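**Student:** The residues making up each chain are set out below.
There are 2 protein chains.
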Amino acid sequence: MKVIDGGVTAAKGFQAACCEANIKYKNRTDMAMVYSSQPCECAGTFTTNVVKAACVQWDQKIVYSGEPMQAVVINSGIANACTGKEGFDACEATAKAVEKELGVPFSNVAVASTGVIGMQLPVEKLVNGVTAMSKTLDESLEAGTAAAKAIMTTDTIHKEVAVTFEIAGKTVTLGGMSKGSGMIHPNMCTMLGFLTTDLAIEKCLLQEALSDVVKDTFNMITVDGDTSTNDTLLIMANGLAENAKIIEKGIEYETFVSALSFVCEYLAKKMAGDGEGASKLFEAKVVNAKSKDDARTLSRAIVASNLSKAAIYGCDANFGRFLCAMGYSGAQFDQNDVELFFESKEGRLQVFDKGTPIVFDEALAAKILGAEEVTIFVDMHEGSEEATAWGCDLTYDYVKINADYRS
Amino acid sequence: MKVIDGGVTAAKGFQAACCEANIKYKNRTDMAMVYSSQPCECAGTFTTNVVKAACVQWDQKIVYSGEPMQAVVINSGIANACTGKEGFDACEATAKAVEKELGVPFSNVAVASTGVIGMQLPVEKLVNGVTAMSKTLDESLEAGTAAAKAIMTTDTIHKEVAVTFEIAGKTVTLGGMSKGSGMIHPNMCTMLGFLTTDLAIEKCLLQEALSDVVKDTFNMITVDGDTSTNDTLLIMANGLAENAKIIEKGIEYETFVSALSFVCEYLAKKMAGDGEGASKLFEAKVVNAKSKDDARTLSRAIVASNLSKAAIYGCDANFGRFLCAMGYSGAQFDQNDVELFFESKEGRLQVFDKGTPIVFDEALAAKILGAEEVTIFVDMHEGSEEATAWGCDLTYDYVKINADYRS
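These protein sequence lines map, in sequence, to chains A and B.
Here the first sequence is numbered in my numbering, starting from 14 and rising by one per residue.
Here the second sequence is numbered in my numbering, starting from 14 and rising by one per residue.
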């Protein structure tokens with residue numbers, strides 16, 4: 014597998030476009046479209062929130078129906094959640110505009126929205142945006158990057174990545190983009206992500222691969238514990254790499270899963286490190302747990318705790334907060350088995366040894382915690398399973414961003 | 014029932030003391046003792062955190078053994094959690110010091126700690142503190158207030174309350190104090206609370222009353238979602254009111270439960286409103302839910318959400334965040350049944366009507382949300398159960414307090 018430049022337009026046959034639709038933001042792009050020259054097998058994972066945005070319900074219909082997907086239209090600024098029938102009508106109008114411009118059946122057009130909940134989308138602006146973007150679709154890497162920028166809300170950086178890998182002598186490309194910074198919590202795929210590949214693969218395997226990979230990537234990040242109404246991760250596979258179609262599990266399927274894992278972990282970590290107001294990436298690695306579920310639960314509890322996150326922000330070696338978070342996570346364990354370490358490029362330091370605090374070098378601890386990427390490493394000594402979760406610190410800026418986000 | 018002045022020393026036979034033991038804080042009291050002239054029936058509820066502080070384990074032994082309780086010694090500054098055998102030895106040394114000074118069997122002495130996790134308590138300072146306090150025990154209301162102040166950590170106000178009520182012609186008094194500001198989340202009784210009463214009641218009924226009342230009071234508050242290692246709520250009943258002992262449920266038991274509910278709700282709301290960095294009390298009231306559990310889950314999810322809390326801080330009428338939190342709470346419901354209102358002393362405003370956002374007066378919304386106590390009122394239209402939860406807003410000061418709490 015090789016990392017290459019680009020994002021959603023890296024794979025063969027995919028084009029992207031964006032425009033300034035003036036939905037809520039001014040003087041910036043706020044709509045994007047991704048289009049495949051061929052109908053694609055598709056798969057998706059969606060928010061577990063009972064209050065699902067209209068666009069989530071729209072996309073679920075496509076993914077679960079078995080219909081192909083050929084385009085996705087995304088807007089930032091308004092989430093189209095809690096909007097009743099009018100919100101669903103906006104999805105349909107957007108998809109029908111794509112049908113009119115590009116001849117793609119509207120039932121093969123996904124839509125996604127991110128922004129304020131409880132406001133109606135301006136349908137005319139969306140339709141005009143589709144018309145404009147249909148004329149500027151472009152397969153260049155720059156077009157993919159521009160789309161990744163258009164879907165940002167409070168993100169400070171755009172997120173995209175692409176890789177190539179070999180399937181039975183054919184070079185396959187997989188690329189993707191994502192956005193997400195607030196309302197991020199691992200009960201699902203977490204915010205908006207769009208993956209494109211020219212791989213030929215059966216739909217059911219595409220879905221299984223995506224659902225499996227999400228568990229250890231997008232579902233292992235958290236920014237603020239708030240699971241969005243809009244979380245959507247879609248993958249489109251158009252088959253233009255001309256590999257012999259993957260129709261069963263085996264070495265080729267595993268090769269694809271590895272590439273998919275890399276792409277999803279890359280995007281997930283970028284989202285965690287770019288959490289609202291974040292100043293650093295906060296990683297928790299739990300090893301030797303009794304079960305995989307325990308390892309995931311424990312590591313996520315550490316990075317999800319407000320008190321842990323505030324301590325990481327303050328470079329405060331308050332390791333009891335990590336143990337406290339593990340303790341209320343729901344996983345059962347004995348604190349007398351646990352070892353806890355701080356790690357970063359500045360060094361590694363043990364602070365807790367099987368039930369007892371260690372007297373440690375405070376200056377070294379502060380130095381380790383002062384790095385841009387900090388890891389809490391926990392050895393449970395109770396089994397052989399491990400998991401890693403990613404989050405960010407809790408800062409003044411998080412509060413600032415969210416105290417006046419809508420206004 | 015009548016609200017009277019005082020706290021833990023309001024009921025007959027209870028004395029309190031405090032001292033400056035210099036455990037971590039300087040130039041302030043940091044130890045307190047509550048003592049009853051008679052052995053008491055006792056009951057307690059404790060943290061559900063797997064990582065339980067040594068003092069929690071100590072107190073559980075007393076409550077679950079059926080032994081009487083006659084004194085409780087509390088310190089602030091260090092939590093005595095994650096401290097191994099040395100931590101448990103500190104509990105025993107403290108209780109034995111009380112035995113030596115006051116002749117109370119050490120197995121009848123509860124201990125409680127709050128502060129930094131993962132540091133050992135200075136046992137000699139604790140023992141000296143017990144010696145000093147044993148000489149200054151006092152039944153005045155002022156002594157109770159001084160004790161309530163000594164157990165504070167990041168609290169900005171001390172919390173105490175007392176009431177009297179009649180049981181079969183006898184006047185019974187119930188008083189209490191609590192502390193708690195951070196690491197507060199409703200998986201249990203939440204932080205430290207100590208209740209004293211001169212009621213005569215069977216132990217099993219005392220425990221049942223406390224466990225029931227906690228569900229709708231202390232367990233319905235949240236500050237930051239972090240369930241502490243130390244949460245402890247104890248009640249001691251010494252029988253000095255000389256009422257005919259309550260040995261079964263009936264009108265007298267219900268009278269006591271009403272008074273207990275009032276006292277617990279009063280203290281719980283004080284703790285929520287005094288959450289770390291909080292500028293206002295944030296209440297969520299859910300009515301007409303399918304079940305009591307659903308009502309509790311939904312109301313707690315609203316006040317626990319960081320995004321909701323930040324919106325309340327910013328007086329931002331971003332009602333979608335409340336619906337979003339309800340949606341990921343775990344309760345099942347249809348957003349097309351839900352009505353949502355903002356309430357405070359400034360007025361009442363509907364913002365969401367059965368699946369559809371309402372165009373509302375933004376200025377009025379900001380005015381309502383600008384009050385010191387704000388309620389999100391939700392009518393589920395799906396049943397007849399209701400619940401209320403309390404929390405606070407998320408402010409810059411919360412981050413500030415927790416980024417350098419230990420340092």
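Simulated from the structure, these hints should not be mistaken for laboratory data.
Just so you know, not all the hints are guaranteed correct.
It does not matter which identical chain is used: a pair holds within one copy or between any two.
Stated by the list, open to error - Within a straight-line C-alpha distance of at most 16 Å, the following computed EDC-like cross-link-like pairs (lysine to aspartate or glutamate) qualify:
#  : residue 1 : residue 2
1  : Lys98     : Asp350
2  : Lys98     : Glu395
3  : Lys98     : Asp366
4  : Lys162    : Glu33
5  : Lys367    : Glu352
6  : Lys298    : Glu261
7  : Lys367    : Glu99
8  : Lys37     : Glu137
9  : Lys98     : Asp347
10 : Lys413    : Glu261
11 : Lys37     : Glu398
12 : Lys298    : Asp229
Remember, predicted model here, so these are calculated numbers, not experimental data.
**Student:** Now tell me if each hint is right for this structure.
**Tutor:** Consistency of the hints with the structure:
no., hint, verdict
1, Lys98 <-> Asp350, "between (54 Å within a copy, 14 Å between copies)"
2, Lys98 <-> Glu395, "neither (51 Å within a copy, 20 Å between copies)"
3, Lys98 <-> Asp366, "between (57 Å within a copy, 13 Å between copies)"
4, Lys162 <-> Glu33, "within (12 Å within a copy, 58 Å between copies)"
5, Lys367 <-> Glu352, "within (5 Å within a copy, 51 Å between copies)"
6, Lys298 <-> Glu261, "neither (33 Å within a copy, 52 Å between copies)"
7, Lys367 <-> Glu99, "between (57 Å within a copy, 13 Å between copies)"
8, Lys37 <-> Glu137, "within (13 Å within a copy, 63 Å between copies)"
9, Lys98 <-> Asp347, "between (51 Å within a copy, 14 Å between copies)"
10, Lys413 <-> Glu261, "neither (50 Å within a copy, 54 Å between copies)"
11, Lys37 <-> Glu398, "neither (46 Å within a copy, 39 Å between copies)"
12, Lys298 <-> Asp229, "within (12 Å within a copy, 36 Å between copies)"
This entry does not satisfy hints 2, 6, 10, 11, going by the numbered hints stated previously.
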